[in-house]
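Student: Sequence:
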Amino acid sequence: MTAHPPPAPSFRDPRLPFAKRIDDLLAWLTPDERIAFLHQFAPAVERLGVAAFRTGQEALHGVAWMGPATVFPQAVGLGASWHDDLVRRVGEAVSAEVRAMRARDDRVGLNVWSPTVNLLRHPLWGRNEEGYSEDPRLTSAIATAYTRGLRGDHPVYWRTAPVLKHWLAHNNETRRDTTSSSVRPRVLHEYDLRAFRETVEAGAVAGVMPAYNLVNGRPNHVSPYLREHLRSWTDEPLLVCSDAGAPSNLADSEQYFETHEEATAAAIVAGVDSFTDHGTDSSKITARVRGALERKLLTEADVDTAVRRQLSVRFRLGEFDPEADPYADTADFDTPAHRALALEAAEQAIVLLRNDGLLPLRPGTRVAVVGLLADECKLDWYSGTLLHRSTPLEGLYERFGAEHVDFAEGVDRVRLKTAAGTYLRVPEAPEAADEVRGAEGAIDPALLAGRTDLPPLTADAAGTELALIDWGEDVLTLRAPDGRYLSVAEDGYVRAAADQPGGWVVQETFRLEPADTQHGGHLLKHLGTGGYVSVAADGVKVAEENPEIFRLDVTERGADAVARAAAAADVVVVVAGNDPHINGRETEDRTTLRLPAHQEGLLRAARAANPRTALALVSAYPYAVDVAELPAVLWTAHGGQAAGTALARVLAGDVSPAGRLPQTWYASDEDLPDLLDYDVIGSRQTYLYFEGTPLFPFGHGLSYTSFGYEGLTARQENDLLRVSFTVTNTGGTAADEVAQLYTRAVDPSVPRPRRELAAYRRIRLEPGASAELSFEVPLRSLEFWDVAHGRWRLEPGPYELLAGASSEDVRLRTTVQLDGEAAAPRPVRARGLDAADFDEQRATEIVDRTKESGDAVTPVSGGTGELLYRACDFGDGVTEVTVEASGEGVVDLSLADGGPALASVAVGATPGPYDYATATARLSVHGVHDVRLTLRGPLRLAHVGFSG
Numbered sequence: 001m002t003a004h005p006p007p008a009p010s011f012r013d014p015r016l017p018f019a020k021r022i023d024d025l026l027a028w029l030t031p032d033e034r035i036a037f038l039h040q041f042a043p044a045v046e047r048l049g050v051a052a053f054r055t056g057q058e059a060l061h062g063v064a065w066m067g068p069a070t071v072f073p074q075a076v077g078l079g080a081s082w083h084d085d086l087v088r089r090v091g092e093a094v095s096a097e098v099r100a101m102r103a104r105d106d107r108v109g110l111n112v113w114s115p116t117v118n119l120l121r122h123p124l125w126g127r128n129e130e131g132y133s134e135d136p137r138l139t140s141a142i143a144t145a146y147t148r149g150l151r152g153d154h155p156v157y158w159r160t161a162p163v164l165k166h167w168l169a170h171n172n173e174t175r176r177d178t179t180s181s182s183v184r185p186r187v188l189h190e191y192d193l194r195a196f197r198e199t200v201e202a203g204a205v206a207g208v209m210p211a212y213n214l215v216n217g218r219p220n221h222v223s224p225y226l227r228e229h230l231r232s233w234t235d236e237p238l239l240v241c242s243d244a245g246a247p248s249n250l251a252d253s254e255q256y257f258e259t260h261e262e263a264t265a266a267a268i269v270a271g272v273d274s275f276t277d278h279g280t281d282s283s284k285i286t287a288r289v290r291g292a293l294e295r296k297l298l299t300e301a302d303v304d305t306a307v308r309r310q311l312s313v314r315f316r317l318g319e320f321d322p323e324a325d326p327y328a329d330t331a332d333f334d335t336p337a338h339r340a341l342a343l344e345a346a347e348q349a350i351v352l353l354r355n356d357g358l359l360p361l362r363p364g365t366r367v368a369v370v371g372l373l374a375d376e377c378k379l380d381w382y383s384g385t386l387l388h389r390s391t392p393l394e395g396l397y398e399r400f401g402a403e404h405v406d407f408a409e410g411v412d413r414v415r416l417k418t419a420a421g422t423y424l425r426v427p428e429a430p431e432a433a434d435e436v437r438g439a440e441g442a443i444d445p446a447l448l449a450g451r452t453d454l455p456p457l458t459a460d461a462a463g464t465e466l467a468l469i470d471w472g473e474d475v476l477t478l479r480a481p482d483g484r485y486l487s488v489a490e491d492g493y494v495r496a497a498a499d500q501p502g503g504w505v506v507q508e509t510f511r512l513e514p515a516d517t518q519h520g521g522h523l524l525k526h527l528g529t530g531g532y533v534s535v536a537a538d539g540v541k542v543a544e545e546n547p548e549i550f551r552l553d554v555t556e557r558g559a560d561a562v563a564r565a566a567a568a569a570d571v572v573v574v575v576a577g578n579d580p581h582i583n584g585r586e587t588e589d590r591t592t593l594r595l596p597a598h599q600e601g602l603l604r605a606a607r608a609a610n611p612r613t614a615l616a617l618v619s620a621y622p623y624a625v626d627v628a629e630l631p632a633v634l635w636t637a638h639g640g641q642a643a644g645t646a647l648a649r650v651l652a653g654d655v656s657p658a659g660r661l662p663q664t665w666y667a668s669d670e671d672l673p674d675l676l677d678y679d680v681i682g683s684r685q686t687y688l689y690f691e692g693t694p695l696f697p698f699g700h701g702l703s704y705t706s707f708g709y710e711g712l713t714a715r716q717e718n719d720l721l722r723v724s725f726t727v728t729n730t731g732g733t734a735a736d737e738v739a740q741l742y743t744r745a746v747d748p749s750v751p752r753p754r755r756e757l758a759a760y761r762r763i764r765l766e767p768g769a770s771a772e773l774s775f776e777v778p779l780r781s782l783e784f785w786d787v788a789h790g791r792w793r794l795e796p797g798p799y800e801l802l803a804g805a806s807s808e809d810v811r812l813r814t815t816v817q818l819d820g821e822a823a824a825p826r827p828v829r830a831r832g833l834d835a836a837d838f839d840e841q842r843a844t845e846i847v848d849r850t851k852e853s854g855d856a857v858t859p860v861s862g863g864t865g866e867l868l869y870r871a872c873d874f875g876d877g878v879t880e881v882t883v884e885a886s887g888e889g890v891v892d893l894s895l896a897d898g899g900p901a902l903a904s905v906a907v908g909a910t911p912g913p914y915d916y917a918t919a920t921a922r923l924s925v926h927g928v929h930d931v932r933l934t935l936r937g938p939l940r941l942a943h944v945g946f947s948g
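Heads up, the sequence shown is in the working numbering, so the first residue is 1 and it goes up one at a time.
Source of the hints: derived by calculation from the structure; they are not laboratory data. The structure displayed is predicted, hence computed values, not measured ones. We put the CB at the ideal spot given by N, CA and C, even for glycine. Some hints could be false.
Stated by the list, open to error - Simulated restraints on C-beta separations:
hint, residue 1, residue 2, range
1, Thr174, Pro224, 24 to 34 Å
2, Ser861, Gly421, 48 to 58 Å
3, Ala51, Thr174, 33 to 43 Å
What the hints assert, rightly or not - Pairs of lysine-lysine residues, derived as BS3-like cross-links and limited to a Cα-Cα distance of at most 30 Å, are as follows:
hint, residue 1, residue 2
4, Lys417, Lys20
5, Lys851, Lys296
6, Lys296, Lys284
7, Lys417, Lys525
8, Lys417, Lys851
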């Protein structure tokens, strides 16, 4: 008998649909090969000619972590542009550079983990810079534009495969892997899910990444929402990639499962397809999967489902069809077009917050540019390495001429004196170290980072004058005269060996702590290690013993230098803000909205010396600043490689600013809820519900011209509102305007937003020109989640449409009367009450009913909490109440309009939090009433039923 060779794999046949090719490839893979695909670093299968594959390439505002690339403005800056087409073009440029870099470095991945669509609910969140907006509609629109650019427009193949971050309700870095976001159903549906949903439904998303935190007591990596919501929004297979280390957290820091095998199985069953854990070492994850299979916690079909989703992404990226892949030869990298786009994006992201006629600056103006950010072009954790750089100082030199620009950084110049009377000295970089010198022989600090062969600091009679940069909250950096920052290497020695503060654990930050106060002494604490600086014979190091007591000899106060420069200028531009690696970043939330005290002092000094002072805030997040006496205030996120040029062009009037705030700027910390309070409705958060007076409202931004609005009309056509109005440039300068349309339920039966963004458009108008803008507003966007019936509902009645230049600057309004579905009482006799479907609550939080699905409610810290349920219909009467709960405590039921408890149900202790028991009590109530449940003690209430 003649032996026949096995049939050729058909997964290489481009004529077949992807689904058939994936099935064929899966059939060729062995069980072990399939399991290996579940790790972030999937190995090659050489016998089939299948290459290795890695999920994950950071590309939030340019290609990150892989060396030089075009750096665009931070995501929050792109959000401030309110310009979908611009953001799409940025996405195209970023994905082109991903492809170009991939061609020369196969470590660059085509599965990009961008954008971040977490809503900017709370301005103290450390990762504010990564999101687009506090509003779900603006966020989803900008995210959709960016993902469309990343994906490309080919109907079959994708340029890159974007993954949205971070699913779900993730707005705190403080204890981010163990805290639970309590998200009531209305907030879940109307707010947190919405930004993800509209972007996924647009069809340009390859998947999502779950967040570290828990939602309603359950880790996001085992969330049933992945199946119940995310994957119900599209027919396309979505790849779910874990966040780094999060799979291990399930059994380690979160202790949600007893074993890693249980945790891994639960994550796969919930819908996680790729495990980012233990770096490039896949052995632990694959062993856990095998253990789960052996214990029957998983089936091979579960593994196959996850592998199919991964393969779907790889096929769409053209991996198996290199000759047909339209993006295979993409080589656009650092092109003139990309550089021009980086400048355009930086210009369009600038927001003019206040202007009493100081701006734009006239030709020939003598400008003093001062402040800690005046000569900085800061990067963040998700930036690439700069190919080009423009600081505000450099931009003003270029635009106004160096002879018209003065500069004062505003840092204190100090020498650190030891107890022995010597001073810290920074040695020069070795003459032979050509590798740390640039083309003209000057030291290039960027080439020094991490160097342990550079000499450490010493102490001598003269010492070195250092720039002490005070970033607030007792955090400071120290910089040598040649630009090198003091840093601590792995061997513990202090060296001038960093171009900027940075790294996962920043090694360039210090704190002065009082010691020997009689003589003005201080300990110098290194924040990265927690140790203290000491002076030894072999150099300056960080040690646990014998810390040095230093005295600061101040040679110049930064405020004095600022005052001198300000007094000699026609106009002062104070450039203030943050370093994105300090006081608010991934792993670290901010503690206040206030501008750091040192920077406030510089602003006061400039203003006192020269009233014609403009404040330019360059920051990753909002500040609360006293702007009442400032004639001009601008804000921009860190604007990437062209930030300084863009700012100078706006100050000079070459560009009329048209950025708009993507989030509310609050006037003080007192306006903010607790960082962990995710109930935007109950605690009146964001512009949607905030009832105070903001410093600057959502959507705010001024121009160098003026715009008129007229002719607002609205009519209903089937399931749409067709809205139009006309915008006219009534000033003398060509400029962009961002026309905004909001809606408001006039007489709602439940708390609704004060106003809610329905649509917007950024348009450019010449002086005197007009444009008629038309919008289609789906009626479904006016619905709310009816907790009484567990579905969306359009309430009948009047709805106001408001057109204008911000959420508070409303120029036109009209009212439409809409038919809808009238409110109906809760059918509690038939359905009872699911505890989490409350209308209002006090001192409770939502927790997991079981590890797999469902919600329960518990009093905060096991104390006393209240739940209110409106319009409960008991029909012609009930005689018994049944409480389903775990833990131990008492549930009191009363009518919300007063009176004693109708029933008090004691819940006996149960073995564990997921061991629910029922307890009953007699009561007598009929008709429709608002009902209050009072929960006492450490119980978890799941459901209340009624009968009789």
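Student: All hints, please: hold or fail.
Tutor: We went through each hint and held it up to the structure:
{"no.": "1", "hint": "Thr174 with Pro224: 24 to 34 Å", "result": "holds (26 Å)"}
{"no.": "2", "hint": "Ser861 with Gly421: 48 to 58 Å", "result": "holds (55 Å)"}
{"no.": "3", "hint": "Ala51 with Thr174: 33 to 43 Å", "result": "holds (41 Å)"}
{"no.": "4", "hint": "Lys417 with Lys20", "result": "violated (74 Å)"}
{"no.": "5", "hint": "Lys851 with Lys296", "result": "holds (18 Å)"}
{"no.": "6", "hint": "Lys296 with Lys284", "result": "holds (18 Å)"}
{"no.": "7", "hint": "Lys417 with Lys525", "result": "holds (15 Å)"}
{"no.": "8", "hint": "Lys417 with Lys851", "result": "violated (59 Å)"}
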